[in-house]
Amino acid sequence: MSPAQNNTIPAKAYAVFADDSPFKVFDFERRTPRVDDVVIRIHYCGICHSDIHHVYNEWKKETYPLVPGHEITGVVEQVGSSVKHFSVGDHVGVGCVVDTCLKCEPCKKHKEQHCPDVCYTYGSTELDKVTPTHGGYSNLVTVKEHFVCKIPNNLPLDAAAPLLCAGITTYSPLRQYNVGKDSRIGVVGLGGLGHMGVKLGAAMGAHVTVISTSESKRNDAIKLGAKAFLVSKDKEQMKTAANSLDLIIDTVSAPHDVNALIDLLKFEGVYCLVGAPPKPLEIGAFPLIMKRPIITGSNIGGMKETQEMLDFCGKHNIVCDIEKIQATPETIKTAYDRTVKSDVKYRFVLDMLNAFK
Amino acid sequence: MTSKQTTANTTSPIGIAAKGYAVDSASTPFKLFNFERRMPAADDVVIRIHYCGICHTDIHQVYNEWHMSKYPMVPGHEITGVVEQVGSSVKHFRAGDHAGVGCMVDSCRKCHICKKDTEQNCADSCLTYNSTELDKVTPTYGGYSNLIIVKEHFVCKIPKNLPLDAAAPLLCAGITTYSPLRRYKVDKHTQLGIVGLGGLGHIGVKLGAAMGAHVTVISTSESKRDDAMKLGAKAFLVSKDDEQMKTAANSLDLIIDTVSAPHDVAPLLNLLKFEGVYCAVGAPTKPLEIGAFTLLMKRPTITGSLIGGMKETQEMLDFCGKHNITCDIEKIEATPETIKTAYDRTVKADVKYRFVLDILNAFK
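These protein sequence lines are chains A and B, in that order.
Letter 173 of the first sequence, counting from 1, is numbered 1345 in my numbering, and no numbers are missing.
Letter 107 of the second sequence, counting from 1, is numbered 114 in my numbering, and no numbers are missing.
Bound-form chain A, shown alone (with noise of 0.2 Å):
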């Protein structure tokens, strides 16, 4: 084949062309395979919070067509000649980025999603700068072997889906602040994110708080694994647990008082964000200079750590609770208003392997 040539493979997906406009049938191609290449067929894409705001232009212009989906679990179907750790029929996924320069400090550091020159699985580019990189609402994806992770054989892979990105993005902090059996930890907001923190959390050992608006979530919460539930506009409740916990996680995207949760941390606590609310935190002077505690966020994590959070899931059994749903324009939408009202347990997980028929 001659290299002047455009040697692409001919793949579908659901792709939305403009803002405010609906998804439809998209034909594209994903690249034929370089050396370090692994072709996927795609088999289940979580739909995740930041889908939604990527579709509807809440933190960025986009640019069009614009296929989103980080949460990928698939067969891999072809790799390139000096792929190492793969092979045809493995179990894979692939979460929020496709490529870095894989040379500099925060790569180095196993940190790859702070490369300056991340490259995310949708509504970015190549390492060329040029080239659109489409997400996970597709039939097909051709991701460099780095940035693909074996998914372990017993976890189901619809139920794994989420594990790409809601996973990750909990198991980071958790083990960022040494989380085990002497952790007091609290989890704020029971959806997508939440619901894994939750599960993770307590197969690490830890003591599970989980903080809700909703006391009807309180069996939920129990059932998940949380040994502990305070709703937290109830004064009452969260003055009993002030300085009781190691860390938090807060999952929330709403706004919504972070100085009411800094007051359950145990002094020099940890807060770590990983939800994105629009407004800035508001954060007394004080609970700061008193209490000492850690205010930080934290956002995915690198690839070694996604690896090893998708191998600890498979020693401890551990899946997304999700509503599967097949992939069509209407089924899409109608999962996004949901998901926005967070009328999902707790993840809408997209069956592409039977879309596109």
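Hints are computed from structural coordinates only; laboratory data are not their basis.
Because the structure is a prediction, the values reported are computed rather than measured.
It cannot be assumed that every hint is accurate.
[As the list claims (entries may be wrong)] Some chain B residues close to chain A (C-beta under 10 Å, calculated; not the full set):
id, residue
1, Ser-32
2, Pro-36
3, Asp-124
4, Asn-153
5, Lys-167
6, Cys-286
7, Thr-301
8, Met-304
9, Gly-328
Cβ atoms here follow ideal geometry from the backbone N, Cα and C, with glycine treated the same way.
Got chain A sorted already, so can you dock chain B onto it with the hints?
What follows is chain B alone, placed relative to chain A:
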């Protein structure tokens, strides 16, 4: 030393007469206040106060700005003096020693917070003034007074080579900036930013430079540049100059923010490297506004710090003794009028960089 004892009523306090300057309310002037310090217990140290620094906290408390003031109030928690007498079980001090007392005079000494040498966070910590002793009843009176009696654990030795007047503000301003510098392991590889060049800021620059760090002072005012360099800074940024701030983006490992006036923290966080540390030691009354994307993408540590434990305070004083570091002060006579003027000038940041009251020669 005189003692006063009531014989008729056995429940009356038995104490040692002392004089101080106190306010009776947020809106009345300082007046002479005759009161009693407790008779020294076996573990107490009696200190003739020579000097007391005027901390901005004194002003906040006197004017009830934090809505927690109790009157009569004798402020002052940057105290230096000479030991006059020690209780029978005191091990580390004797008469004639140069001693200092900071913001705390007692704590429970049993909880894990005290055992970790972070007594300032003990639920039962007793502040030097505007607080109570462990009995939760006896009020504490601070260093605008001629005598103080403090449990040995809460007294520090002032290295002999440090003059007592210029050393006084170390007991609050010094430890408040020293503690986060040590906590975040500042050394010759550190790019350190100090925001604000007042009482806290100026000593933060001296201490950071003495630890070997490259210090950048961030200030609202170009006029402070020369002073910053003289104190040991290597760079200076005017916070309102967008160009300067942009050039310095992603360059600092640690920022110590000493500013108490409300200010926008976002431009300061932009100066931090990935995973850098922002530490508030000032106490603005308005909350800090921190963008979620800054937290998620830069993953900084946003934190604060308040004085330090007793072990660390002594360590700070020994470090200052070793490096010959004291505060830049304006020493003033101690009278109600001079205190009022000093307060007004402190609020306008019109002092380089701390007023220190000459208590030894007061109350004559």
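Hint check results:
{"no.": "1", "hint": "Ser-32", "result": "violated (24 Å)"}
{"no.": "2", "hint": "Pro-36", "result": "violated (28 Å)"}
{"no.": "3", "hint": "Asp-124", "result": "violated (13 Å)"}
{"no.": "4", "hint": "Asn-153", "result": "violated (31 Å)"}
{"no.": "5", "hint": "Lys-167", "result": "violated (32 Å)"}
{"no.": "6", "hint": "Cys-286", "result": "holds (8 Å)"}
{"no.": "7", "hint": "Thr-301", "result": "holds (8 Å)"}
{"no.": "8", "hint": "Met-304", "result": "holds (6 Å)"}
{"no.": "9", "hint": "Gly-328", "result": "violated (26 Å)"}
Checked against the numbered hints given earlier, the structure breaks hints 1, 2, 3, 4, 5, 9 and satisfies all the rest.
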